[in-house]
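**Q** Spelled out, the chains give:
Number of protein chains: 2
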Amino acid sequence: MAEYRVPLKDMNYVLFDVLGVDSMWQGSEALAEAVDKDTAQAILEECAKLAENEVAPISREADEIGVTYDQGKVTTAPGFKEAFQAYTEGGWSALGGDPEYGGMGMPKVITALHEEMFCAADISFSLYPGLTAGAALSIAKHGSDALKEKYLPNMYAGTWTGSMCLTEAHAGSDLGMIRTKAVPQEDGSYLVTGNKIFITAGEHDMSENIIHLVLAKLPDAPAGSRGISLFLVPKIHVNDDGSLGEANQVSCGAIEHKMGIHASATCVMNFDGAKGYLVGEINKGLACMFTMMNFERIGVGIQGIGAAERSYQNALEYAKDRIQGRSLSGVKSPDAAADSIMVHGDVRRMLLNMKAFNEGSRALSTYISLQLDYATFASGAEREKGDALAALMTPLAKAFFTDVGFESTVAGQQVFGGHGFIREWGQEQLVRDCRIAQIYEGTNGIQAMDLLARKVAGSKGALMDLWLKDANAYVDSVSDPSLTEFVADLRQALTDLDTVTKNLLLRAADNAEELGSAANDYLHLFGYTAMAFIWLKMAEVSTTNMEQDPAFHQSKLKTARYFFQKLLPRRHALIATIDAGAETLFDIEDDMF
Amino acid sequence: MAEYRVPLKDMNYVLFDVLGVDSMWQGSEALAEAVDKDTAQAILEECAKLAENEVAPISREADEIGVTYDQGKVTTAPGFKEAFQAYTEGGWSALGGDPEYGGMGMPKVITALHEEMFCAADISFSLYPGLTAGAALSIAKHGSDALKEKYLPNMYAGTWTGSMCLTEAHAGSDLGMIRTKAVPQEDGSYLVTGNKIFITAGEHDMSENIIHLVLAKLPDAPAGSRGISLFLVPKIHVNDDGSLGEANQVSCGAIEHKMGIHASATCVMNFDGAKGYLVGEINKGLACMFTMMNFERIGVGIQGIGAAERSYQNALEYAKDRIQGRSLSGVKSPDAAADSIMVHGDVRRMLLNMKAFNEGSRALSTYISLQLDYATFASGAEREKGDALAALMTPLAKAFFTDVGFESTVAGQQVFGGHGFIREWGQEQLVRDCRIAQIYEGTNGIQAMDLLARKVAGSKGALMDLWLKDANAYVDSVSDPSLTEFVADLRQALTDLDTVTKNLLLRAADNAEELGSAANDYLHLFGYTAMAFIWLKMAEVSTTNMEQDPAFHQSKLKTARYFFQKLLPRRHALIATIDAGAETLFDIEDDMF
Chain A
1 MAEYRVPLKD MNYVLFDVLG VDSMWQGSEA LAEAVDKDTA QAILEECAKL AENEVAPISR
61 EADEIGVTYD QGKVTTAPGF KEAFQAYTEG GWSALGGDPE YGGMGMPKVI TALHEEMFCA
121 ADISFSLYPG LTAGAALSIA KHGSDALKEK YLPNMYAGTW TGSMCLTEAH AGSDLGMIRT
181 KAVPQEDGSY LVTGNKIFIT AGEHDMSENI IHLVLAKLPD APAGSRGISL FLVPKIHVND
241 DGSLGEANQV SCGAIEHKMG IHASATCVMN FDGAKGYLVG EINKGLACMF TMMNFERIGV
301 GIQGIGAAER SYQNALEYAK DRIQGRSLSG VKSPDAAADS IMVHGDVRRM LLNMKAFNEG
361 SRALSTYISL QLDYATFASG AEREKGDALA ALMTPLAKAF FTDVGFESTV AGQQVFGGHG
421 FIREWGQEQL VRDCRIAQIY EGTNGIQAMD LLARKVAGSK GALMDLWLKD ANAYVDSVSD
481 PSLTEFVADL RQALTDLDTV TKNLLLRAAD NAEELGSAAN DYLHLFGYTA MAFIWLKMAE
541 VSTTNMEQDP AFHQSKLKTA RYFFQKLLPR RHALIATIDA GAETLFDIED DMF
Chain B
1 MAEYRVPLKD MNYVLFDVLG VDSMWQGSEA LAEAVDKDTA QAILEECAKL AENEVAPISR
61 EADEIGVTYD QGKVTTAPGF KEAFQAYTEG GWSALGGDPE YGGMGMPKVI TALHEEMFCA
121 ADISFSLYPG LTAGAALSIA KHGSDALKEK YLPNMYAGTW TGSMCLTEAH AGSDLGMIRT
181 KAVPQEDGSY LVTGNKIFIT AGEHDMSENI IHLVLAKLPD APAGSRGISL FLVPKIHVND
241 DGSLGEANQV SCGAIEHKMG IHASATCVMN FDGAKGYLVG EINKGLACMF TMMNFERIGV
301 GIQGIGAAER SYQNALEYAK DRIQGRSLSG VKSPDAAADS IMVHGDVRRM LLNMKAFNEG
361 SRALSTYISL QLDYATFASG AEREKGDALA ALMTPLAKAF FTDVGFESTV AGQQVFGGHG
421 FIREWGQEQL VRDCRIAQIY EGTNGIQAMD LLARKVAGSK GALMDLWLKD ANAYVDSVSD
481 PSLTEFVADL RQALTDLDTV TKNLLLRAAD NAEELGSAAN DYLHLFGYTA MAFIWLKMAE
541 VSTTNMEQDP AFHQSKLKTA RYFFQKLLPR RHALIATIDA GAETLFDIED DMF
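From first to last, the protein sequence lines stand for chains A and B. So the first sequence is numbered by full-length UniProt numbering: it starts at 1 and just counts up by one. So the second sequence is numbered by full-length UniProt numbering: it starts at 1 and just counts up by one.
Mixed in with the good hints, there may be bad ones.
As the list claims (entries may be wrong) - Computed list of lysine-lysine pairs in BS3-like fashion (alpha-carbon distance at most 27 Å, straight line):
1) B/Lys332 <-> A/Lys460
2) B/Lys460 <-> A/Lys332
3) A/Lys141 <-> A/Lys332
4) B/Lys385 <-> B/Lys284
5) B/Lys275 <-> B/Lys320
6) B/Lys502 <-> B/Lys385
Rather than coming from a laboratory, the hints here were simulated on the basis of the structure.
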């Protein structure tokens, strides 16, 4: 396997050249205090060293050995403890944390790129700090001051980690059906009882304590999702002086054996009258979760980017080294027994698909993260718009980046031929590890429904109109005549997306099934269109900056052209299948399947 | 995991209602003697029992335990020996074999459907008899009478198995570079020396002897693929009286650790002056291999169908049982806590994609097998045409059925949500097992080049014209007005494929890279078009036969409509990317990747 190298240059290009995030930072008091361009670059460089040198090298062995379970104790893979210690010593557990409790207060655009590095290095590893950051975010947003003071500093220090306990065996996508109970006690705490499954980092040996956020129902709670509350349940009780007390009634009953992310502890967690503390309001637990979910879901989308970037780097190195066959247009390396497989159109196709998807996803994911930053750090109309675009585009980030990321890891495996199927080369691990990102944190089908039914139809099209207006305004602003080819295609794509949306909403007014039937294709249509939008931005920036670094910017321009000619046309198929409607999906009875 | 049930009804429908293979059998002396409808149905039923009851149930454990290696000895997974014994006792190793040496002489349409069953039951298991049948076929076609007499009866009896030793570490897709040497001996035999990798069933404990077919070069052979010869190298020498003698100089140096097909022994094979016998002519080894390859490659395509069918059956059962969420168009099961996930449009989309692909692939693969049968058993113009269509469509079968099969296993895993990622449910194994079928026996990229460069461009478009003419004639013959919707779409698809082909060949005349750049998309365009052709055939047959079995034939008709409306439109994207040409693939320098 090639050594993983963080694409720092590309990250800086996206942040500062394409999106100009530093000017946004200067407009926010909190951000201006926390970060500037130099600080951000220094942070990314330090994180990159850690990801490259400490985490990436242990990924293969961690996959082979995985997590082990023995009578409630979970042991992480070799090297994980040490790597996590290095991570916390670097201060990275605090990266996005609330400065009032010891966090570094970095914007999502920075934490997201830091996430990409660790996902590329090893998705399993990235989940331990990732879940901790997510749990801490929920506590910071919805917890009482007392809870925040008691728990956040240690979570930011990384001495304690976090978990999110949502799913139960019978309740996954449909959390309204959960059965875990929380019974109020006289001291204001609750006793939580129930069984949770698929709990990432629910139990392990890398931290002194684990802070579980648990969805449960009060005895008198309304049925369904309106009766769900959120509780903080520590693995080990924390005394008032902050020291650790006795063990709580929480145990890990088993770990799952999975297709991939073998080094991630996926736990069955049993709460047997465990003491917990309400986070946020009673019966508003799902809303509290959703605050955090926008951040988490982008993070899962980024797992797709990380795995695909790693796979691309490996595939590119292999393709350059491997000699096999001759170029169709004449021998390229007459002195060698064969040409490098880089000469073959189909190998270039696979590599360029990966390159165009990876760089497009990185830029688009940073653009979406930027909307979250506006929603968090800006004010007034800017904040509202950021909030709206983040709501619209978060399901896109989660599902689209993992779908094209998975496609890319499969392509990166294919470049290796038979060697791609053999474990020692690492390419097959990336396929297996990436696959889960399409499933957890709300399956990609759920994301598609979130996008189309909740966000687009739920706003009567207003959210999509908002994005389309922005995108059209941008297209209209591009005046460089050398970019005409892109401008015309993107303008058409935006018009088509608008038309498809309006027609779909009209049909859905008569038949709600139109939404569920079209959701997946609609999400992809939006994905290709939004990625074309960000590729045009990159093409424009690189055209402007060409002379500064011709090889880099030519590569961007050529990859943009590849995207427009070879990947954006997939939208034609999607439009046709969306327009075909729901009838063929529902006109067949269940027993005819 | 659901119990696997062989879709016998669908197989019979394809064979006799859709393709009317029995009338073809009656026109061939050899086939009329070997098989009729009743015999064929009895064979498929018996094979089905074995696949369902003996092989499918051991697949999960075989994946967990896999093949083990100890100092040259390879031990197969628990139950494999017994299942293989039951298989050989059923006589199935002889199914497609030459009757002169104890084979049953069945046509490919029957052996192919038998292959699907065992692939669905367990791809790893299917490889042991599959490789044996392939090796026996090569010997039967190209071996001397002496070799045939000595080796075929035991291979047909299943007491000996076979392997194909092609790949070397530095020579996979490019076999011209192999280094294995064969030195002629005075007695007419050869001493074979070299190392082969990725040798399926190269060593194991299920048979008394293993007959390796080995590609090697004579000391004075021309360079490249014109200097390759084929040798039969037994693991254990066979005495003139047919008894086993001493061990040959063949050893297994290691087995590979892989993403999937854990129960298939993928061996490093070392030949250290092993005694071998020439098969066919000197320096014509690759041609000998290619005879067999059409049969083998369809077989690998069928692995995709088998895995996808198994995944579909599991996913369908799960979707019917799993309750989660409510229907968009109103509660469907008011007495249950939630509706079955069959109510969700996106779940139906995934299941219908699988159903349309599986049934379409089964029918199309049987149609292609029928062309092979014409090439083998017919004479004159019929034979020539069968030969031409088989040559054209074999790479399609291998690559298209494994590509859509892989997509289907991924969809079948997605239907399970988080449970799809957990090993115990079996869905993730099908993804891992199916994945190899896109890689081995010539990667799907190689298949695409075989189709476009060798077959289509190599015949100056004549082979594609032949198929298009046939398909257009069929479309013109469909007169039922209720089928107009399909007829119009397919006619357009055929016209577009013709136009795309002609334009592509014109461009390729100026720039050969056009072929490699378009090959993958072209193969898929042909695949969707050919599958539409076979779905129209099924729609027509089912419309005619509707009253005999309304539920079955309605299901076919509705699935045909689903295919035309929801899957065939993918061709629009493919046409656009093919028409975009090779420029964006080659206009970027290697160091800009």
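**Q** If a hint holds in the structure, say so; if it does not, say that too.
**A** Each hint, compared with the structure:
1. B/Lys332 <-> A/Lys460: holds, 26 Å
2. B/Lys460 <-> A/Lys332: holds, 26 Å
3. A/Lys141 <-> A/Lys332: Violated, at about 60 Å.
4. B/Lys385 <-> B/Lys284: Judged against 27 Å, a Cα distance of about 25 Å means the pair holds.
5. B/Lys275 <-> B/Lys320: The hint is violated at about 58 Å.
6. B/Lys502 <-> B/Lys385: holds, 21 Å
Hint violations for this structure: numbers 3 and 5, all remaining hints satisfied.
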